[in-house]
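Each chain, letter by letter, is given below.
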Amino acid sequence: MNPSTPGETAQLAVLSHRFEAIVTRMQNTLARSGRSGVLNTARDFSCCILTADGDVLMTGQSPPIHVMGGPDLQARSLLEFYPELHAGEAFLHNSPYHGNTHAADHSILIPVVDEAGVHRFTVLAKAHQADCGNSIPTTYMASARDVYEEGALIFPVVKVQEGYRDCEDILRMCEMRIRVPEQWRGDYLAILGSARIGERALLQLAEEVGWDTLDDFAGKWLDYSEVRMASAIGKLPAGTATTTTCHDPFPGVPEGVPITVTLSVDPDGGRIEVDLRDNIDCVPAGLNLSEATSRTAALIGIFNSIDHTVPHNQGSFRRVRVHLRDNCVVGIPRHPASCSTATTNLSNRVGNAVQRAMAEIGPGIGMAEVGSGMSPSEAVVSGVDRREGATAFVNQIFTGTNGGAGSPHADGWLTMSDLGSGGTLLLDSVEIDELKQPIVIHRRGIATDTEGAGELRGAPGIDVEYGPVGGPLEAIYANDGSINTMAGAREGHPGAPSVQAKRHRDGSVAEVDICGPVVIEEGERIIARTSGGGGYGSPVRRDPGAVAADVREGWVTRARAEAVYGVVLDDALQVDLAATRRRRDELDSKELVQA
Amino acid sequence: MRMSVDIGGTFTDLVVEDADGLALYKAPTVPADPVQGILDVLATAAVARDVPLASLLGQVGSFVHATTRGLNAVLTGNAARTAFLTTAGHPDVLLLREGGRPDPFDFTRPFPLPYVPRALTFEVPERVLSTGEVLTPFDAGAFERTCDELVAADVEAVAVCLLWATVNPVHELAVGEVLERRLPGVPYTLSHALNPSLREYRRASSAAIDASLKPLMSDYFSALTDRLRAAGLAGRILMVTSAGGVIDAVDAVARPILTINSGPSMAPIAGRAYALADAGSEDVIVADAGGTTYDVTLVRRGEIPSTRSAWVGEVGTGHMTGLPSIDVKSVGAGGGSIAWVDEGGLLHVGPQSAGSVPGPACYGRGGTRPTVTDAALVLGYLDPDEFSSGAMRLDTKAAIEVVRTEVADVLGIDVIEAADAILQLTTEQMVRAIEEITVGQGIDPAKAVLIGGGGAAGLNAHAVAERLGCRTLVVPAVGAALAAAGALMSDLTAIYSATAPTVTSAFHADRVNAALADLVAQGRDFAARAGVPAEAAGIALFAEARYPQQIWELEVPLRVTSFESTADVEAFAQDFHRTHEEILGITDPASPVEVVSWGARVTVALDEANHQIGALPPPTGSADVRRAFVPGEGMREVPVVPLASMQVGAVVRGPVLVEAPFTTVVVAGEADCRLGESGSLVIETVQQEENR
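Quick note, the sequences are listed as chains A and B, same order. The first sequence begins at 16 in our numbering and counts up one residue at a time. The second sequence begins at 355 in our numbering and counts up one residue at a time.
Please keep in mind that the hints were generated in silico from the structure rather than gathered at the bench. Glycine residues also receive a C-beta, built at the ideal position from the N, C-alpha and C atoms. Errors might be hidden in some of the hints.
[Said to hold, decoys possible] Ranges of calculated distance between the beta carbons of each label pair, as one might list FRET restraints:
#, chain 1, residue 1, chain 2, residue 2, range
1, B, G988, A, D231, 21 to 31 Å
2, B, G1003, A, D68, 52 to 62 Å
3, B, P464, A, T572, 44 to 54 Å
4, A, L588, B, P466, 15 to 25 Å
5, B, E987, A, D231, 36 to 46 Å
6, B, G718, A, P252, 37 to 47 Å
7, B, V857, A, R520, 51 to 61 Å
Work out the full structure: start from the sequences and follow the hints.
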């Protein structure tokens, strides 16, 4: 695609930088002014700019689950409910039935309207809330049989500002139904402020270069992105693959949730299709995906598997078709099915199945599976803080992440957490956590030998152990990967299972529920081990030097290096090449026999 | 007379201050022996001033030095073999950092290594709680056995960071005592003494970097001192710090991490002085354009904002210094940045750079990719025969050829348009770096003065000013050595901090006032050690504060040294709300304000400084013309004016190319250029103002 005039050569590049800069500015504002830990520490928020008719034009470095296949649905629902938009309006949107991710993500949509009253662009800022009015103090309510039991306040495109002034009655409603209302109000201000900053910046940019130039840019930028995507797909081998996975048993789904994904790559046509229709109906639990997260999870698996510099917008998305079914657990939910954990648990399973299917299409592409579930290391903890007086507290802590998956190019990212976050979330400081709430974090560190072995190995899980100070603590979470581990790809091994347990006062350890709530009394501790990521490629092909380094650094024991990677080390922890060759031959022939 | 030396990647810069003003000298950096580079540039100055080196050095009252030695050691992993001692149960503080991932879709990058390997990490059985209460006592016996391992591992330095040592340092102190006895002569750093701040990763990283630099920096400083003394230097030797001040060399040896980001910390000091002298402004954007990076810093109402989250290496995956550092935004955009077109037809500049070897194609050293410098040459902005004051001849044909084949032909446009597009995009990247930092600090670029510093500043500083809407651009005469000039304008500086968390709704006045009194006492001590009376020290107290549950603190200056009434607390809260509004655009006046830590910035003016900033060149040279590109007109004859030929007060209207020492300033549009009082080139972007 060559631009038609020389002036446009620089303009496409320059304007793409300017749009990116606007999104960055929106994000910086949100990150630095947000109040809740989930917003400012975990960075569970996103910003994007959409065209007037709802195409995702520019997204920033945010959790991928937020910004790929949902904002367009949200913007289109805005157009449906409010065909006429005016400057100064702002809309609150958190409805998973109208394009939002899940109820805990509060989005603000602002139409950018020119002087003549024409709606030109829409800006969207979205942030996960510390609380969204659920019936119990968590924003990930796995046990909710439906949205009524979930209890979240749902805002299917609700006007919260007119003429740049708040519609106070809506805000008062929220303050009556959301825990720690002042914290919610602070986050709401941060989201709104961020969207307004985006609006102002677009208005300034238009003043400088004109609306027609911006419209023209939008079209060309989406076309450019589509060309890049077609070209990236063109480099893949043709093929079709079906992969399956299964979410661990949960309240309401005692057998777990099996997932089947079929993917086909058509390099000549420059297209990829993903079919999620061959899956069970919505379940009576908070696990159901929203339409936004079903599409996005599939897109994440694909974009993780190709050239990462391809822009993520409606232009590149045009080259991917995700087939969804109505009333499907990983499709389009039918109200009142609950989508409380739509951004994490099954999203992670779907994305993993897709990227593993990509790996099966051919060597050098795709990825193994990234650790899954919200471990007690990322629990919402609540109780009464008696250190000075007695105040109730509720907060999500982020003390330990799931391991990342091996890819064709690198070992798994240690603090990956899950596919939806893309590893962007920050880890809490132990000192900050202990200051904020009455807990002591006794232990946090990587769990040796929990990585999915591979030529490129997965990242290990992390062990965390914490307990209360001065009274009981309640922990609610929504884990996965304790039974169904994270699979490897292309002969890579699975990561180790996650664990949740309690250490009693007498030191004995017993497993606890996969979701909680778990009450931890003073003197007791909750123990979490997060899931290890899957490995990519056979571990007997891993560079022996890399295995030796893992042993010296205590990621992998010497015994496992020999048993699984076939790498024999001497007492100085250097590779014994001859012994390694013998051991690897042995492992290879054992594999042949098994085959 | 005073001197300052800044060792850059390519050149070692020397600025000499005497009664007549400042003078700038350059000599090539000697990477294998940086002190030799210093001696070379001193020799260059002695020759130019026509005095023997020893007698030149004999006149020097103070010698200020900035070095990237520590920084390079950290970046290349060449610091000392360092052990990390941590609270039992928390071995991975340095590995996990603070989480995060730079690009969620990039699975080609491996997880970064910890600053100290796990194999050299040792857990100390002990635990202190957030209240300072001891949960698990220090196990002295077990620690003796750890010391056996430290000895066996041949460690050269030890970093100690135990949880909550800032609230109760008893266990860190106990560890220090045992280390003194068991590993005599092995330098160590205790986190609570170096950086008494919250968040274990930051404190641990500070301690680890500091300890790892101690052996190396102490050798470096003694070699430097010995050789300078041998060459005849009599005066005081001072080191530049990351926080934008100077300290005595002995203090730098004791805490080498303080000097780690000294490179970019001085440019804003010089920029502030020139903006005030030449344009009368206290809001300044200071840009330092080098061959491979473009550093941006800010001055807001005369104050230079600092950050505690400065990284060595990339943000998030490098290593955090954890100590106050001038807030610098650095982007990989410079003369060496490579222009390329992707398969979708989009032009990019960088992040790849041709560096100085092989360098741009026009250097004729084997570079085959078009760079920003090549594009500038194509557009006639550089004089092929007089590049870098005649140090090198440039190959215009080679530049045209690479821009044509790699950019123009691919896009189907002509070579001039292609070169212009490359420069426009470069300008845009620089503007974006500036906007990120100005927005982050609540400054409107249109109301600030832009300082164009660095050897590559001239190429598009004017274009950047126009794009930002800055009315005034100042290119200081010593702009090519802005950092070295800044080092002569800075004060002896120390920053102290204390962790005494509180909240305005339940303010612990006693605890806070005790902490503040202690900070003031530390400031007075600093003054005493600097040999001045306590009253002569400027002690500015500040709070690092936030709304409850926020995690990023804002620095708010205090109006009082002690909180005596609720009115004092209320006034402080108001100051916080105002700062929050200014920087983040929103405020929550009904909310209490949480203070995480308190700090004191102590400055002691150097009595030997005579605060010269002028560098008026002797009048020489005459105007010429060259074919160069003017946007909207194309290639045409453009006047070339040597800065030294300009008269103070006389205005030269652009388009014009102004030849300043070591750089050419391109003014490709209509603008008024004049010679400022201090010898700076001052450019008023009149065209821009009329448009607005």
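Going through the hints against the structure:
Judged by the Cβ atoms, the range 21 to 31 Å given for G988 (chain B) and D231 (chain A) holds: they are separated by roughly 24 Å. A hinted range of 52 to 62 Å holds for the C-beta pair G1003 (chain B) and D68 (chain A), which are about 57 Å apart. Our hint of 44 to 54 Å for P464 (chain B) and T572 (chain A) is violated, since their Cβ atoms are close to 21 Å apart. Separation of L588 (chain A) from P466 (chain B) is about 22 Å and conforms to the stated range, judged on CB atoms against 15 to 25 Å.
Distance hint for E987 (chain B) and D231 (chain A): a CB-CB separation of about 25 Å, inconsistent with the stated range 36 to 46 Å. In this structure the supplied range 37 to 47 Å holds for G718 (chain B) paired with P252 (chain A), their Cβ-Cβ distance being about 44 Å. Range check, V857 (chain B) to R520 (chain A): about 34 Å between beta-carbon atoms, so the 51 to 61 Å window is missed.
Hint violations for this structure: numbers 3, 5 and 7, all remaining hints satisfied.
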